[in-house]
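Taken in order, these protein sequences are the chains called B, S, L, G and P. Its first residue numbered 2, the first sequence is counted upward by one per residue in this note's numbering. Its first residue numbered 14, the second sequence is counted upward by one per residue in this note's numbering. Its first residue numbered 99, the third sequence is counted upward by one per residue in this note's numbering. Its first residue numbered 189, the fourth sequence is counted upward by one per residue in this note's numbering. Its first residue numbered -8, the fifth sequence is counted upward by one per residue in this note's numbering.
Simulated from the structure, these hints should not be mistaken for laboratory data. None of the values given here were measured: they were computed from a predicted structure. Incorrect hints may appear among the rest.
To be verified - Heads up, simulated PhoX-like pairs for lysine-lysine below, C-alpha to C-alpha not over 20 Å straight-line:
1. S:K15 to B:K25
2. L:K284 to L:K205
3. P:K75 to S:K148
4. L:K265 to S:K148
In case you want the letters, here they are:
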Amino acid sequence: MIWQLDLAILTLVVIAGIGSLMVKDLLGAAILFGAYSFMMCLLWTIMGAVDVAFTEASVGAGVSTVFFVAAVFRTTRRTKD
Amino acid sequence: MKILGLIIAILTGAFLIYAAVDFPDWADPTSPASTYLSPRFIEKTIEETSVPNIVTAVLADYRGFDTMFETAVIFSAAVACFFILRIFVHGEPGERLYRHVLTGVTIRVKEGKIPPSDDFERIDASWTPHDLIIKTICRLLVPFIQLFGLYVIAHGHHSPGGGFQGGVILGASIILLAISNDLRTAVKRMGEKLVGLLCALGVFIYAGTGALCLLLGLNFLDYAALASILHVDPITARSHGILIVEIGVGLAVMTAMIWIYNNVSSNGEYDEGL
Amino acid sequence: MDGQGEEGLASKGSRTGSGNGSAGAEAQPRRLYFYPFFLTFIIMFVVWVFLSGKFDPFHMSLGLVSCAIVSYLSADLLFPSRVTKGAFGQWLRFVKYIPWLLIQIVKASLHVTYLVFHPRMMDLIDPRIIKFRSKLTSDLALVTFANSITLTPGTITVYVSVDGDFKVHAIDKASGDPLPGEMEAKISKTFGEV
Amino acid sequence: MDVVVVLFLFAGLFFFTGGAIGILRFPDFYSRLHPAGKLDTLGLLLSMIALALFNLHHFSLGTVLTSAKIIIIVVFVFLASPTATHAIVDAGVRAGLGPWTKGEQRR
Amino acid sequence: MDSIFLYSSMFLALLMVLSLYRGVFGPTVADRMIGVNAIGSKTTVLLILIGLVYHRVDMFVDIALAYAMLNFIAVLAASRYFQKRKGLYDEA
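So here's chain B without its partners, still in its complex pose (with noise of 0.2 Å):
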C-alpha cells in the first residue's frame, strides 16, 4: 500500500460523496456518484483488492450510473430536502 496515493484518494472519496449528497439535482447527483464510484475503485485497487476493485468498475461506474439516470428519467429530478 502506497499511502500517500492512499491519503490523496481518500480525500477524493470523501469530497465527491459529500458532493454527491449536497447537489439539489438528483441527475447531477447521479453523475457525481459515479465520480465516488471510480474513486473508490482506484481505493480497491490501491489496496490490491484487484477483484473488488474489477467488481467496483463494472457496477459502479457503469451499470449503475445508468440505472440512476433511467430511475430520474421515469421519476423526478428534484429533491424534497
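Model the placement of chains S, L, G and P on the given structure of chain B, informed by the hints.
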C-alpha cells in the same frame, strides 16, 4: 429534524472511527485472519483446485454457497423489479407514431393497426433525430465489449474477473445498444421471454451443478464429483466446475442487468425507453 | 443553435398507448449471412488472441466458442450491409491516415495548451459556430470526419446530419478556419469517394 | 530507453495539466469541452505509450501482450472519447445552453 | 523509476481534485458531466500506473480496459437524458 440526523450521523461516525482504531493494521501478519486462514488458502489452493487466482477459488469453490445465494439475490432483485414495474394493460388502444423514413412525415396510427407502407418506422413520442456519430460508433464497439465480457468470464481463473464482472460487462453492451438506438432495437435482439428464461437458467446452472455433485455421491457443490462425468482427475474437475459455475453466474447477472434496465427505463411498458 | 429540423413534429405527442407488451410484434427474424459472420469471427479471434495470451487448447477452444457467440449475436452490427467488398483496402488506407491525424492533433493541442496557460486567455479566445456542407456521402466517412474534427483540439462537432451538414464549434479563428479543407480531402481519399 | 519513457510520460502529464487547468479557466460549457475532451485524450495517448514502452523492459511474450492490451485501451479511447465529447455537446445543445461569445460575462 | 511513477500518480490525483471542482461546483449538469468524464480518463492512466508500481501490470490492464468501456456508457446515458427531457435548470 435535519440537525438531529446530523448529530446521530456524527456520533455514529465517531464511534465507528473509535472502534476502527482497534482493527489490525493493513496486511498485519499477526492479525487473526492472517495467522491461519489466509496461509491455508494461499498454500493449498493451487494443489487442491489448480486455480492460480485464489479469490476465484474461494468465491466459487470454498464459499460456493455464499456465491450461489448472491446470484439468487440478484435474480430475485430482477424478478422483483419485473413484478413491481411491468404493466400489462388491455384497455382502449392508444396511438403510436410512425415516421416516413424518406420524407420525415409523421403519422399517428391506432395501436394494433399496421402503417400504410413498409417505409414507415416506429418512433417514440419524444423522438429526436438519430445521432449519426453515436449510433455508428456504438454499432462498431458493441461486439468488442461483448468479446471482452466473455474473455473476463473465461479467464476468471488466471486474472481478476469472473462471472459477476463479465456478466455486468455483457449486460452493459446490450444496454449500450438500447441507449444508442432505442429500447425496441435491444428488445428485438434480446426478447423479454428470453431474458427471463436465461436469468433463471443461470441460477439453475449453478444450483444444478451443486445438485449433480450431490447425486454423484459427494457434498453439495463439491466439484470433485464431476470428475467421473468430465473424465478428468478430481483437481482439474474442481477447476472446470468453477468455470461452469461462473458461466451460470455470468448468464444470470447479464440478463438481470438487462431486465432491470428494460423495466426501469420504460416504466414497465417495454415501449419507449431512455 | 436552432432545433434540428423535423423534431418539432413529433415532440409533444401523447404518450403512445399503455402497451400490451407486444413490443416486438413487427420484428422480422434476423438473417445470418455467411461473409459478415466469417469476417466478424476472424476479427474477434485476432482480438481474443491479444486479450487472452494463453495458447493451450482449453483456452483456445473457449476463445473459439466465445467468438462464435459474439459473431452470432452481433455480426450484423459490425457489417450491417451484406456487401463486404473493399473493406480491406479501406482499412489499409485508414491506417495510412492515422499518422497524419496524430500530427494534426499534436499541433492543435499545443495551440490549445498555449491558450490555456496564457494569462490573458479571455481576450484571445473567440468562440464561434461554423456551418458547412461536406461532400462525403457514406455514414462511416462522415463519422470518421466528425470524430477527426472532434479529436483535433479547438474544434468540436456539434451536429452532423445524414446528408453531411456540419455544425462545428471552434474556439478561435485560427483553429476554425482550415475546415473542411485538407482533412476532408484525405478522408474522401481514404474511403474511396471522389 | 528510460529517458524516452520519462519524456513521454511527462509530455502526457503536461497535456493532462493543460486539460485540468483549462476546465477551470475557460468561460463557458462549450469552450470548457475543448481542453477536457481532447487534451486529456492526447495526454492519455502519450502516457500510455510511455507505460507500454516501460512494460517492455523485461522482454517476453507476456509483456508484449500486456503492452498490446495497453495499446488496445488507447484505440478504444480514441474511438470512444470523441463520441462522448460529442454526446456531451449534444446534451448541452438540447438543454438550450447558448454559446459564450466575446465580451460576455463568464459563467 | 518507481518513485517517478509514484510522483506522477500523485500529480494525477492532484489534477483529479481540479476536475472534481468542476464536478461538484459546476453551474450546470453538463459541466458536471465534463468534470466526471475528465476524471474517468485520468483514472484509466492512474490504474496502469499503480499496476506498474506494484509490478503486476497484467492484472490491472483488464480493469483499465473495462473502465474505459463503462465510463463511456455512463456518459452516453446521462447525455441521452437531454434528448428526451428538455430543460437544464431543474435544480431549484
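Hint check results:
no., hint, in the structure
1, S:K15 to B:K25, "holds, 15 Å"
2, L:K284 to L:K205, "holds, 17 Å"
3, P:K75 to S:K148, "holds, 16 Å"
4, L:K265 to S:K148, "holds, 18 Å"
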